[in-house]
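Colleague: Sequence:
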Amino acid sequence: MDFMLNPKERAQKYWMGFLYKTLIECEKEFKWLSFEVKGKLLEGKGTLELNNRKYHLKLLCSPFFPNRFERVMVETKNLIKCADTHFNGDGSLCLYHPVFDLKGRPYLDLVEVIPWISEWIYYYDKYLEYKVWLGPEYPHN
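Residue numbers (UniProt numbering): 1 to 141.
Hints listed in this document are in silico derivations from the structure and should not be mistaken for laboratory results. Heads up, none of these hints are tricks.
Derived SDA-like pairs: lysine to any residue, alpha-carbon spacing no greater than 25 Å straight-line:
| # | residue 1 | residue 2 |
| --- | --- | --- |
| 1 | Lys77 | Tyr123 |
| 2 | Lys54 | Leu79 |
| 3 | Lys13 | Pro66 |
| 4 | Lys45 | Glu119 |
| 5 | Lys58 | Glu36 |
| 6 | Lys21 | Asp109 |
| 7 | Lys54 | Asn88 |
| 8 | Lys21 | Met73 |
| 9 | Lys81 | Ser118 |
| 10 | Lys54 | Ile80 |
| 11 | Lys45 | Glu25 |
| 12 | Lys45 | Tyr96 |
| 13 | Lys54 | Lys81 |
| 14 | Lys28 | Leu48 |
| 15 | Lys126 | Asp90 |
| 16 | Lys58 | Arg71 |
| 17 | Lys77 | Ser118 |
| 18 | Lys45 | Tyr20 |
| 19 | Lys103 | Ile117 |
| 20 | Lys38 | Pro115 |
| 21 | Lys31 | Gly46 |
| 22 | Lys131 | Met73 |
| 23 | Lys103 | Leu5 |
| 24 | Lys40 | Asp2 |
| 25 | Lys21 | Ser62 |
Cβ pair distances, simulated, as ranges:
| # | residue 1 | residue 2 | range |
| --- | --- | --- | --- |
| 26 | Leu50 | Met16 | 33 to 41 Å |
| 27 | Asp90 | Lys21 | 24 to 32 Å |
| 28 | Lys131 | Lys13 | 43 to 51 Å |
| 29 | Tyr14 | Glu129 | 40 to 48 Å |
| 30 | Lys13 | Pro139 | 30 to 38 Å |
| 31 | Lys103 | Leu128 | 25 to 33 Å |
It should be emphasised that the depicted structure is a prediction, and the values quoted were computed from it without experimental measurement. Every residue gets a Cβ at the ideal spot worked out from N, C-alpha and C, and that includes glycine.
Input sequences plus hints: build the corresponding full structure.
Modeller: Structure below.
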């Protein structure tokens, strides 16, 4: 009775297929990232650079995470990690609004989220310059 499963339940039931599908899509589109399935988790790593600053990134994806399936962490030292620079309480990047940007879908595929990392880096760099977030954002109250 799989037709009765919602998308999250389906991704959890067929988690291995979900993770390998995600791995294949992401490796095809983003050559600067490398991915590996570790148990019920897809882990990606890569580095981007802007204005002589290197941003070391770790991406985690699992249908078993609460709420959104992905977590994007910046492992670079000495970052300003706060709500103003779009970090969530768990240290992951806030790349989209969980209601407005989903447009009725239950989750976003990781391949759709990854391009927003470059956008975040650009706006973070501008934040360092101007001390205000210049990128698009929704109120978080």
